[in-house]
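> Below, each chain spelled out in residue letters.
Number of protein chains: 2
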Amino acid sequence: MSLSELVKIKKYNEGRPYTCEDEVVRESPVTLFVNDRELATLVCTPDSLQELALGFLFGEGILSAPQDLKDIKVNINDGLIWVDTASPTPAGQNFLKRHITTCCGKGRPTFYFINDARGLKPVPPGDLRLTPDNITSLAAMLEDSARLFRSTGGAHGAALASPEGIITFYEDVGRHNAVDKVPGFCFLNNIPLSGKILVLSGRISAEILIKAARLGVPMIVSRSAPTSLALQMADELGITVAGFVRGRRFNLYTHPERIKDIN
Amino acid sequence: MSLSELVKIKKYNEGRPYTCEDEVVRESPVTLFVNDRELATLVCTPDSLQELALGFLFGEGILSAPQDLKDIKVNINDGLIWVDTASPTPAGQNFLKRHITTCCGKGRPTFYFINDARGLKPVPPGDLRLTPDNITSLAAMLEDSARLFRSTGGAHGAALASPEGIITFYEDVGRHNAVDKVPGFCFLNNIPLSGKILVLSGRISAEILIKAARLGVPMIVSRSAPTSLALQMADELGITVAGFVRGRRFNLYTHPERIKDIN
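So the sequence lines, in the order shown, correspond to chains A and B. Sequential numbering of the first sequence, starting at 23, is according to our numbering. Sequential numbering of the second sequence, starting at 23, is according to our numbering.
Simulated from the structure, these hints should not be mistaken for lab results. All values reported here derive from a predicted model rather than from experimental measurement. Don't take every hint at face value.
No copy labels: a pair is met if it fits in one copy or bridges any two.
List of simulated lysine-lysine pairs, DSSO-like, C-alpha gap at most 27 angstroms [said to hold, decoys possible]:
id: 1; residue 1: 143; residue 2: 32
id: 2; residue 1: 92; residue 2: 33
id: 3; residue 1: 95; residue 2: 282
id: 4; residue 1: 282; residue 2: 143
id: 5; residue 1: 30; residue 2: 95
id: 6; residue 1: 32; residue 2: 92
id: 7; residue 1: 92; residue 2: 30
id: 8; residue 1: 32; residue 2: 95
id: 9; residue 1: 33; residue 2: 95
id: 10; residue 1: 92; residue 2: 282
id: 11; residue 1: 143; residue 2: 95
id: 12; residue 1: 32; residue 2: 282
id: 13; residue 1: 30; residue 2: 282
id: 14; residue 1: 33; residue 2: 282
id: 15; residue 1: 30; residue 2: 143
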């Protein structure tokens with residue numbers, strides 16, 4: 023299925039219209055069933071749906087290793103995915119559901135309670151080290167790969183990378199979906215995420231940090247902005263965040279020890 | 023509470039770092055209780071929370087007129103909102119939940135089923151008419167208002183407008199939250215949304231179209247891209263969509279009858 027559609031539009035320039043065709047990113051609801059129970063409807067670009075489903079379930083903690091997956095079937099035309107797991111699963115949980123009843127008496131309840139609620143553990147320091155040029159090169163490679171964004175202006179890109187280059191890349195109308203397809207690919211192909219870099223076109227929000235921590239990814243690089251909560255979490259969870267990576271400039275927000283400065 | 027935070031960062035330029043302060047958009051989870059039942063946690067910029075809560079409930083169909091609201095209390099420091107409604111409410115529903123069991127046998131199931139599921143009705147034609155210059159002026163006014171975006175690069179803007187100018191404007195780290203604050207303001211101030219224009223910085227996705235249709239807004243103007251599903255829905259729901267409004271150029275995708283062309 024094509025990732026975009028051609029539509030007839032009127033283009034206006036200086037008040038004057040003309041009719042032409044334009045390419046629009048495809049958006050479609052896809053419903054995910056786990057062990058025959060309806061879990062979620064993801065509104066996405068209907069492509070790489072196996073990767074999307076597995077990455078979503080991995081990020082939600084419903085799958086944690088390839089052997090947890092028994093079977094996956096995709097009906098792309100009707101937007102339906104069925105996943106069978108090796109063992110029974112708990113009910114789908116709210117991503118950022120907080121433990122309200124235990125919310126008082128800590129210094130920064132907002133963060134601690136999101137963290138506590140999902141049992142996230144800090145990513146180990148590891149030996150991943152990048153030069154500033156590695157960072158700007160990865161962002162440039164992401165931009166080069168972003169065909170759907172260039173043709174429609176309506177897609178987000180996400181890649182898994184090593185310091186030398188991009189390992190896998192996906193685009194989707196949804197910022198979270200693009201990110202989810204990356205661990206989905208790794209899950210299907212038995213590729214470890216630890217020691218790798220998540221390279222994104224979109225903003226670095228708290229939910230993206232939660233995904234990265236759950237996946238054990240020690241570094242996030244994006245051409246967009248981070249949020250305050252994402253940075254609090256990155257600090258505590260041992261994740262390096264580089265934002266606004268554009269041309270040869272970027273901002274390094276957290277855990278600078280993974281960047282090798284020029285002396 | 024400030025909408026942004028100052029953080030210490032390292033800025034890199036051509037491989038060389040220097041330390042400085044940078045302004046980051048504030049993101050914080052806020053939990054919404056309706057009639058003492060926990061309904062949702064919205065991850066948002068903690069500002070205008072009354073507007074956010076009411077707009078969210080209005081968009082979800084849980085509130086439909088100002089008299090449906092009995093009481094609203096906000097605790098901004100702990101991120102808690104309590105809403106009491108005049109009559110008991112049904113359980114919170116999934117936004118784009120589809121009626122899977124009745125999914126076969128229609129030409130374009132994707133759209134019809136989202137539509138059917140929520141009982142959306144087309145927006146009446148009405149007498150709203152804009153010139154191409156009205157459209158580009160409204161987008162320019164939105165850009166002028168976007169202080170949080172200019173200082174952090176991490177916020178979305180949403181405004182309600184008449185052809186002559188902006189009536190109210192909000193910014194939020196979440197694209198949907200910014201949009202929700204607009205009807206929340208209208209709800210609090212008894213301002214009708216029919217015959218008005220929603221002016222956005224972010225992309226026009228199907229969920230934004232659902233909100234607009236539910237609010238009876240006949241036109242959406244954005245500097246960003248629309249999606250294929252949003253355009254299908256706009257076509258069927260009688261909503262004019264103008265996208266990529268930048269400088270004196272824009273694309274008109276649906277219901278062009280509301281634009282007065284120069285002859």
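> Of the numbered hints stated earlier in the document, which are not met by this structure?
2, 3, 5, 6, 7, 8, 9, 10, 11
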